[in-house]
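These are the residues of each chain, in order.
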Amino acid sequence: MEKAIKRYFPVFVLPTMIAFTIGFIAPFLLGVYLSFCKFTTVTDATFIGLKNYMKVFEDPTFIHSMWYTALFTIVTVLLINVLAFAVALLLTKGIRGTNIFRTVFFMPNLIGGIVLGYIWQLLLNGVLAIFGRTLTYSSVYGFWGLVILMCWQQIGYMMIIYISGIQNIPGELIEAAKIDGANAKQLLRYVTLPMVMPSITICTFLTVTNGFKLFDQNLALTNGAPSKMSEMLALNIYNTFYGRTGYEGVGQAKAVIFFIIVGVIAVLQNKLTTSKEVQQ
Amino acid sequence: MKKKKLIAVLLSAAMVGGILAGCGGSGDSDKADSSDKKEATGKVYYLNFKPEQADQWVALAEKYTEETGVQVDVQTAASGTYESQLKSEMAKDEAPTLFQVNGPVGLATWKDYCYDLADSQIYKDVQSDDYVLKEGDEVKGIAYVIETYGIIYNKALLNKYFELDDAEIKSIDKLNNFDALKKVADGIQAHKDDLGVEGAFTSAGMDSSSDWRFKTHLANLPIYYEYTDKGIESTDAIEGTYLENYKNIWDLYITDSTCDASMISSKTGEDAASEFTLGEAVFYQNGTWAYNDIKDNEVADEDLGMLPIYIGAEGEEDQGLCTGSENYWCVNKNASEEDIQATLDFMTWVVESDEGREALANEMGFVTPFTTFADYLPSNPLVQANEEYTEAGKTPVTWNFTTMPSEEWKNGVGSALLEYAQGTGDWSTVETAFVDGWATEYAAANE
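These protein sequence lines map, in sequence, to chains A and B.
Just so you know, the first sequence maps onto residues 1 to 280 in this note's numbering.
Just so you know, the second sequence maps onto residues 1 to 447 in this note's numbering.
Check before you lean on any hint, since a few could be wrong.
In silico SDA-like pairs for lysine to any residue, Cα to Cα no more than 20 Å straight-line [stated by the list, open to error]:
#1 A/Lys51 x B/Tyr242
#2 B/Lys87 x A/Asp44
#3 A/Lys38 x B/Lys50
#4 B/Lys50 x A/Gly243
Quick caveat, the hints were computed from the structure, so don't treat them as lab data.
Chain B on its own, in the form it takes in the complex (with noise of 0.2 Å):
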């Protein structure tokens, strides 16, 4: 009986214990946020959607902080898992003040929750309307950076197989539409052992880290060339008369790749990059962005290039890179006063301040639409790889996928485009994702 009242007892004192520290270590930890409050008035939180520069983010914010002792907090979500972050951040009390759409389909959801920037000084660095989203005359996003994706080559390799006897293709010149680069890939394939690569094309990897790559962006070939057929920006329903097209590059990707087919559901976007970075691959699908992951290592900075996406449609001899953007700026209205001016105080900061364009230009590596930025070029090679380009009178091509219904038909035709590529499906169950998964998801999200 006494054993019993003891354990009582202390399994009481226990329990009470771990009351109190609960609520002593809260405490603590509220009288330490609002003395931060009382020394600046409004804070800014950022939540970045880009991996790749999560850390020269965070190092810029502190600079912020330094500089004017306001509170900067940059939170970065894991690749593929910005929208369900932005969901559950923006129910807080300590709501994002600063988030990111990625065009007019992410503006859709987000629309209720965005500040109008007409009257900001943001908008006014801007040079011109086609960089910002609008809702009627209220802008509600700003794009930071634009980007340009395409097929990233290694020089040297790609040298070394020009000087192959057998090689179709002897020169990069030649290299300006898909028989080309088909040649090319299935040449690199054929010599992979002469020429000291494991394939001519990086793993196609269909991990949630990757598979953006070939839903999303090569996706958008075969909707931009319909798109521009018929003289269109959007549509609500795709009518898919370049997807033989997308099966050709698809099929390049898998057929003349350092892997498997049936392996690429497990291939990770790190994989590819490395595979890359050891100059185990000569192409590798990716954007400037990819820069950051790629410097520094085995593959020299004027070693690096980057060639358009063929797909054997009409006239691609003209066909540029693709540049865009899906980064756009939004400032949340449901933050407080302060909060939302401290948010548009780090914002014009960083445009307009050295030490902002000089991270953003140089540290980031981006291209921006900002009238501020004439003296900050980037030094980064694919950004000038397409400057090449646009100088030498090629198209780009536009970003259309952020015209995409939804992520649920993306994640739809990467679903089929991974069956088909390990065999369990067949092109047809693309076909359907792409066509029909279109209509439905445009019907779903537009009721």
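Here chain A stands alone, though its shape is the one from the complex (with noise of 0.2 Å):
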């Protein structure tokens, strides 16, 4: 069997390698040399050397949305990764319609993002309308709305991993730690939490990159406004590139710079939560 799978390996992994190729690879590599090119479409393109870099930093509208990224992108680990768990216990506690309840939290996530965009814009502009406000308003409407927009189309697939990390675990584990006197508040820090390490990793990790790749809503729900003050890094790259005669290679310079962030980041809280998993 082992060495079936090791002689047919190629097989099986060329459709995806082509996909791959084709999907990310050659794109990537174009694009990495399109950020060193003035061009306006990307078939043509002249060579400029690093000239696209330095207009990247010297663009304030890029730093702003750097930040206000990284805040969102806290602000969304930390409440997804939180109320998430705690959906996750409470539905595993084998209480009444278990299923329907997990049905419904998960299926936020199956509507586009531009649809939730725009029914959310719809939503919390129905409400703020009552204070005489609209979503664009400012930035900090903008910010919030993002929040519990995001907050409501993923809980429920994070849940989802949390709940099969937390079916996991063995019920000797938890049986002996209750043997032992453990209380509820106890059984969580020492049994639950360690071992369900690993859905920890990855949902972190996928909400981390979430919340920077974050595009289709920013742009259904603000789209950048008041005054491009709540545009976050993708939607700032998008907008450089097809917003600005000229800019395009500058656009391009600021991709590769936020997938250099985006990686490091990513790599970074990869390896500080798995070296909390524990063996099993």
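Dock the two chains into a complex; use the hints.
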């Protein structure tokens, strides 16, 4: 069995590899090349060296959206994971209607980001209208609007991962802890949490990268208004590329920087949480 | 173990199946494409800028295909996304053969893609060189529609106001400067319940479907007066001498309005159009193109009129409506020769054949700069309003917003206007965005 897998490994990997090359590696390399070019359409570009990168750091909106995105990511990672874990705990207690609740919580995740963005725009604007405000009145409203939207969308998804983590904890372990006299708090702190550490790794990874990469929801909910103050990194890159004539290369350079930032953070986060995982 | 094997087999079957299905699908569509090509040489792909006329263009293209067998695809970009869509479409193998630029600034981006139209039939049909974009001797773009904008008003409602006892202005002839406009607007706002309206002006929506009415079209007026004073046609640094007037008219729009100034960031172009067509507002700043959205609603055609946008400049009693074009046709020179020829033929057909002229003039309601349209004057009442002003000897305001340095500049002004309106910023932000923004954007665009 083992040998057969090894022998046929290229056959099984090939389709994915082709897709990965076409869908990721090729555009990525082209993108990196384009970040050193001046161009109008991506098919004819002239090399200009590092100029694009210099312009990136002259652009105050990029720096602003970097901080705005970082703050957003911190808030959503904390909120989503804590809430998702809490819901997962509740829904593994065997209360009635558990399956219905799980389905309901998971469902928002099946709706696309743009659609969600517009739905929440209507909802939030409807509520804010009572106070004579709109979502794009200030970037604070946009920020919390996005946080609410993201929590609503992602808690269900993370919840499923946590539920599977919790269900994988061997019953003997909990039983043994109970016999030793552990109370509910201690059970959670010394048994459940260490045992679901792999799930926490996955969930924080997903929420961190989702937070940084957020685009659709941002575009639909506020589109950066007012004055680009609620513009997150991905949207800032998009607007630089498409919105400004002659800035296509700068947008591309921003994208490369963006990739490096997200890559470094994701790897660090992964290392950090993986080191906390325990052997079963 | 057996179960696992079974699952593995099923999974790989599903995977292979997926791949085959994928290939099969694309294979079919390839075939369909190639059979189309055999029937007709060359095809046309038009990326249309005007969402108001999206359906009419598709219908016209179908008619042409029926008649000649030449395939014509028409795509229309959503409001505010033309440049980005053009950018990605132009990078494709099947790039648009016919596209649009909005004037000299737009041409600067796309000039390397523009086919020289100097020898084309359509260029011979243009009334004068005022309506083409040239670079040296090369004709890069040809305007296909001349448009006019101003403050569209509801005659019935306005007359109702004139009849009020305490109306300060009693007739439309007296409504020929900013002070009069302000008096009327304030009066209507004060009597909105008597008149059965929600406000004098429609909501000044700053959603992307509507913000161009203010950051581009309204901003044209201070630029126009500054250019006229200096006798120039474009500049690398604007002084903003008429910004105070810009402020006055903007204040008027946001105070005498159907909605609170703090709400305008979410108001769309459709909101404004529907407020006007339902008779909830008297004034609506927009252009001849808006007729399609207004007609066949509560406001009858004979009740439609258009006022010049008065901002309080000296001698504005003689000011007419804002007339010009920001729709220039360009042919993609990187397209294959057959496609270019097909595109040129299509353009000629549009401006010379009966069907084409009928569609442009009557269905789309366009005034065109082509000599072939002498018998095809549109029935659009807003166009007729413009003719009345021209006949009365008023000076039309030219479209100088085509010389605005970049989209980024417009966005900067738009954001500043919004922040000023909702009270989160003050007028100096608009001044900075307008004056300093112009200089930096001009430098960035021309480096």
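Cross-check of the supplied hints:
no., hint, in the structure
1, A/Lys51 x B/Tyr242, "37 Å, violated"
2, B/Lys87 x A/Asp44, "12 Å, holds"
3, A/Lys38 x B/Lys50, "29 Å, violated"
4, B/Lys50 x A/Gly243, "18 Å, holds"
Violated hints, listed in ascending order, are 1, 3; each of the other numbered hints is respected by the structure.
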